[in-house]
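Construct all of the structure, not just a fragment, from the sequences and the given hints.
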Amino acid sequence: MTPAARLQAAIEILEALESTNRAVDRFLRDWFRARRYAGARDRAAIGERVFTVLRHRASFAWRMRSESPRALVLASLCRDGTEARDIEALFGGTGYGPRPLSEEERANLARPNVVPPPLAVQGEFPAFLESELARSLGDGLLAEMHAMLERAPVDLRANTLKASRAEVLRELRDNGIAAEPTPYAPHGIRLVERDKAARLRSARVFLEGRVEFQDEAAQIAALLCAARPGSRILDLAAGAGGKALALAAEMHNDGLIVARDSDAVRLAQLGPRTKRAGVTIIEEKLAVETPLEGSFDAVFVDAPCSGSGACSPNRNGA
295 MTPAARLQAA IEILEALEST NRAVDRFLRD WFRARRYAGA RDRAAIGERV FTVLRHRASF
355 AWRMRSESPR ALVLASLCRD GTEARDIEAL FGGTGYGPRP LSEEERANLA RPNVVPPPLA
415 VQGEFPAFLE SELARSLGDG LLAEMHAMLE RAPVDLRANT LKASRAEVLR ELRDNGIAAE
475 PTPYAPHGIR LVERDKAARL RSARVFLEGR VEFQDEAAQI AALLCAARPG SRILDLAAGA
535 GGKALALAAE MHNDGLIVAR DSDAVRLAQL GPRTKRAGVT IIEEKLAVET PLEGSFDAVF
595 VDAPCSGSGA CSPNRNGA
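Using our numbering, read the sequence shown as starting at 295 and increasing by one per residue.
Hints in this document: simulated from the structure, not taken from any laboratory.
These figures come from a predicted structure and were not determined experimentally.
Where is the CB? At the ideal position from N, CA and C, for every residue including glycine.
Misleading hints may appear alongside valid ones.
Pairs of lysine-lysine residues, derived as DSSO-like cross-links and limited to a Cα-Cα distance of at most 30 Å, are as follows [as the list claims (entries may be wrong)]: (1) K490 to K456; (2) K490 to K569; (3) K456 to K579; (4) K456 to K569; (5) K579 to K569.
Quick list of simulated restraints, FRET-style, between CB atoms [said to hold, decoys possible]: (6) L443 to P410: 17 to 23 Å; (7) R320 to E397: 34 to 40 Å; (8) G565 to S496: 17 to 23 Å; (9) R373 to E461: 41 to 47 Å; (10) G389 to I514: 44 to 50 Å; (11) R373 to G434: 20 to 26 Å.
Shown next as structure tokens:
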């Protein structure tokens, strides 16, 4: 794909995201599966452009005086330091690239914003959250929001039913994948290079269930449940079951975990994951079909999800 075609693809993806609540990474995965002509470099460039726009939506919209996907992509080029003449060339309307710039777009690109941006624009967060964020974070609001703009690391959890963290770290390094322990979660592993994550999915250490993809916050949330061998745990809103798997490892695969969710598609992912991880104590329950029975030692509800940043891209924060 040409650079211009990549920009048009990013615009089309952002337009489609406005009408869905699907997580962006899953949407991108399916979008690219349907477009096999996009090579690995194309996918990486387009994906990075989309995520940059989503992280900086507020300031990009402020810069271009528009929240349209096309305007946001134009603003992302300005952030990259792309010269005006190069933007004109990329938006030349040839091949599979974006249509030519309008006079209004040229004017917005050339006109500097001299008025200080509001706090929500400075912090890149939805304006409706300002009062709550100010209440909870006080003078640290902007610093906290700027920290949230950083790309999240790629974290793994050593499946202690099959291997210790030290053993998994050694196996990863032997396979040329640089990794280090996470600072807080005792079984967590952090990849030094994010781009090695795709390679890991075809590695034996993953295929044989010694490691799972799971961010450190989710690992800590599961640990706070204090599950023990023999416990009966209800995992509400279990999704694809990542935390249920972590709970099963803490329970030494002894007891019962009922993983319940209203999304049949997400819950269906749990079966193959339990088989790979060697977990036998999880029962899947679709919330709309099966009533709950019996008692539990703990009800685990991670709401909002500790990985909330991976949720819907909608502007209202849904």
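For each hint, the structure was consulted:
Proposed proximity of K490 and K456 is supported: the alpha carbons are some 22 Å apart, at most 30 Å. Among the hinted pairs, K490 with K569 is consistent with the structure: their alpha-carbon atoms are about 24 Å apart, no more than 30 Å. Our distance criterion of 30 Å between C-alpha atoms is met by K456 and K579, whose separation comes to about 26 Å. Among the hinted pairs, K456 with K569 is consistent with the structure: their alpha-carbon atoms are about 12 Å apart, no more than 30 Å.
Restraint check for K579 and K569: the C-alpha separation of about 17 Å stays at or below 30 Å, so the hint holds. Checking the proposed 17 to 23 Å range against L443 and P410 shows it holds: the Cβ atoms sit about 19 Å from each other. Checking the proposed 34 to 40 Å range against R320 and E397 shows it holds: the Cβ atoms sit about 38 Å from each other. About 20 Å separates the C-beta atoms of G565 and S496, a value consistent with the hinted range of 17 to 23 Å.
For the pair R373 and E461, the beta carbons lie near 43 Å from each other, so the given range of 41 to 47 Å is met. For the pair G389 and I514, the supplied restraint of 44 to 50 Å holds, since their beta-carbon distance comes to about 48 Å. Checked against the given bound of 20 to 26 Å, the beta carbons of R373 and G434, roughly 25 Å apart, stay inside it.
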